[in-house]
Amino acid sequence: MTRRARLWVLTAGLLGTAALFAAACLRMPPFGGTWHPYGDRAVQAALLQRTANTVSSVNFDQRAFDTLGEESILFAAVLGTVVLLRRTSGERRVTPQPASVPPAVRRYAIAVLPLALLIGLYVVAHGQLSPGGGFQGGVVVATALHLLYVGVDYRALERVRPVGLYELADGVGEGAYVVLGAAGLLAGSAYLANILPLGTFNTLSSGGTVPLLNAAVGMEVASAVVVLLARFLAQALEIVDEKEEGRERGERRKRE
Amino acid sequence: MNGWLVAAAVLVVAGLGPSLWGAARGGAGRRVVAQNAATLLLCLVFLLLAQGYGRPSYVDLALVTSVLGPAGTLVFVRLLGDEIDAPPPGLRLLTPLVAVGTPATLVPLCIATGPGRALLKLLVVGALLVAGGLVTSRALRHA
Amino acid sequence: MREALDDALVVASLLFVAAAATAAVLTRDPARQAVVLSLLGLGLALLFTVLQAPDVALSQLAVGSAVTPLMILLTVREVRRRKRRE
Amino acid sequence: MTVLPYLVAGWIFLAGVHGLATSRHLVHAVGCLAVTQSATYVLLLAVGYRRGGTAPVFSDTPPGTPVVDPVVQALALTDVVVGATVTALLLALVVQTRKRHGTVDPDELSGLKG
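Chains as they are written, first to last, in the numbering used here: chain A, 1 to 256; chain B, 1 to 143; chain C, 1 to 86; chain D, 1 to 114.
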């Protein structure tokens with residue numbers, strides 16, 4: 001199909017979708033209405049389980065099995081990326097050039113790194129109380145580590161980041177979630193049932209299994225993002241194609 | 001009349017809107033400056049919203065933004081380095097924005113909050129914003 | 001009065017997000033698009049907050065502010081490096 | 001106002017699809033897919049909003065306050081993070097495509113085999 005014909009098909013499709021969607025919008029319940037049957041029931045259930053953050057309760061208690069599915073997609077995506085970005089035959093690893101960073105940026109990165117890690121862990125730990133949880137906090141922790149790359153140097157990051165360990169932690173996080181679910185079966189209840197004592201409402205230990213599942217997810221997400229970024233960094237900075245490298249060297253020699 | 005929410009709405013319309021305009025057109029340097037201004041403004045908006053809605057737990061959003069915003073700008077400076085023309089246009093506006101915007105928002109908020117843990121959190125956010133703002137403009141100047 | 005103010009904040013954030021999404025699509029250079037995508041992420045975080053979803057806003061902030069731009073820019077650098085060598 | 005958020009979600013979706021279909025660079029296409037994806041979050045949260053409600057988080061507000069729908073928030077929250085890792089997978093595919101076929105322009109790719 002020519003580019004022009006494709007554009008016509010696209011325009012027709014977009015206009016058709018727009019018309020149908022607009023028609024559907026007009027028959028939807030109006031924005032901001034008071035009728036939320038699922039929401040009201042979820043809030044009731046969360047309060048019964050003494051979990052202050054209803055969203056965490058939905059994710060890690062009422063719909064915990066659904067979150068296991070989400071987590072597995074994340075795990076599979078990381079696995080796929082690791083396989084796709086591995087070093088193949090005909091490629092060689094080189095030491096990347098050190099980058100020059102203004103000293104103020106360097107000082108800032110080193111000073112903020114521990115604070116950022118702390119904020120990430122705080123977000124994970126308070127998931128059942130205030131906005132946050134394993135998904136968000138995990139990403140913050142992983143980003144904090146990469147302050148070393150943007151603020152200091154790639155080699156500084158490599159020193160604190162043994163990728164193998166993070167790959168292991170990724171698997172352990174996913175495994176911990178599955179095992180915590182199985183604990184529900186062992187206790188004579190359903191898979192991923194909330195079997196632990198519920199604790200006092202609005203304290204760090206409230207919510208039964210919610211904080212534990214939160215921690216497992218936090219561990220998995222943090223190490224998943226670290227592993228992903230490690231693969232992208234290695235691909236962009238370290239791995240070169242031997243054929244292309246040879247060609248480049250030849251060109252340089254010709255120029256000289 | 002909720003003054004905090006009015007202030008947040010004004011910052012969104014008069015601050016974030018122009019930032020988007022700056023980030024959507026022109027060279028890489030100008031876009032990154034606009035992105036940096038947007039993270040700073042968004043952090044201030046979060047603080048005002050937390051106060052306006054009467055939900056202290058929303059301050060966590062500002063806390064995360066104050067760390068990740070400068071980190072994002074440093075990512076752009078690091079990887080777009082050779083595309084950023086030094087000094088990028090609009091950079092002169094950044095330092096006054098940090099120096100005026102941060103205290104102008106935080107001082108009234110601190111007074112309204114009163115002493116306690118919440119005040120400490122606000123001060124941490126303020127310190128991170130000022131440090132992040134100064135460091136990112138320094139990094140942009142030397143890109 | 002309070003509801004009118006809430007609505008005004010929602011409308012302003014919605015328009016910001018719509019404009020940022022359009023700008024992100026129209027920016028054809030992927031490295032520059034990453035900057036606009038980062039602004040779209042910030043706008044989404046704002047919209048989620050005024051829709052009273054701070055959990056989702058936090059998620060969006062964590063992902064959109066540094067991790068996604070870093071991955072996109074590293075991919076762009078890798079693709080360009082190989083292109084230059086040919 | 002009663003339908004504006006839904007229409008904005010639709011606009012974002014269509015804009016993203018348009019960019020995806022007309023893209024000349026695979027990394028740009030992945031960015032457009034991220035835009036398309038964000039339309040679903042806007043739609044979900046717009047459906048769950050309740051005027052005058054606040055966040056369903058009771059650490060700093062008494063139980064019984066009118067709150068917005070937590071279920072849609074839970075759906076969107078996990079998808080934001082999982083979506084980012086899927087973006088990473090697609091970017092890795094772009095890198096592979098570049099290695100195998102020497103181009104990142106989808107139009108040039110359609111003429112290639114295998």
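These are computed hints drawn from the structure, not numbers from a lab. Mixed in with the good hints there might be a few duds.
What the hints assert, rightly or not - From the derived model, a few chain B residues whose C-beta atoms are all more than 12 Å from chain C: (1) 41; (2) 96; (3) 124.
As the list claims (entries may be wrong) - Straight-line Cα separation of at most 20 Å, SDA-like style, residue types lysine to any residue; simulated pairs: (4) D:99 x A:111; (5) D:99 x A:92; (6) D:99 x A:234; (7) D:99 x D:53; (8) B:121 x A:111.
Here a beta-carbon is modelled for each residue, glycine too, at the ideal position from N, C-alpha and C.
Going through the hints against the structure:
1. 41: 9 Å, violated
2. 96: 21 Å, holds
3. 124: 17 Å, holds
4. D:99 x A:111: Cα-Cα ~39 Å, so violated.
5. D:99 x A:92: 14 Å, holds
6. D:99 x A:234: 15 Å, holds
7. D:99 x D:53: 52 Å, violated
8. B:121 x A:111: Answer holds: residue 121 (chain B) to residue 111 (chain A) is near 17 Å, not above 20 Å.
The structure shown violates the earlier hints numbered 1, 4, 7.
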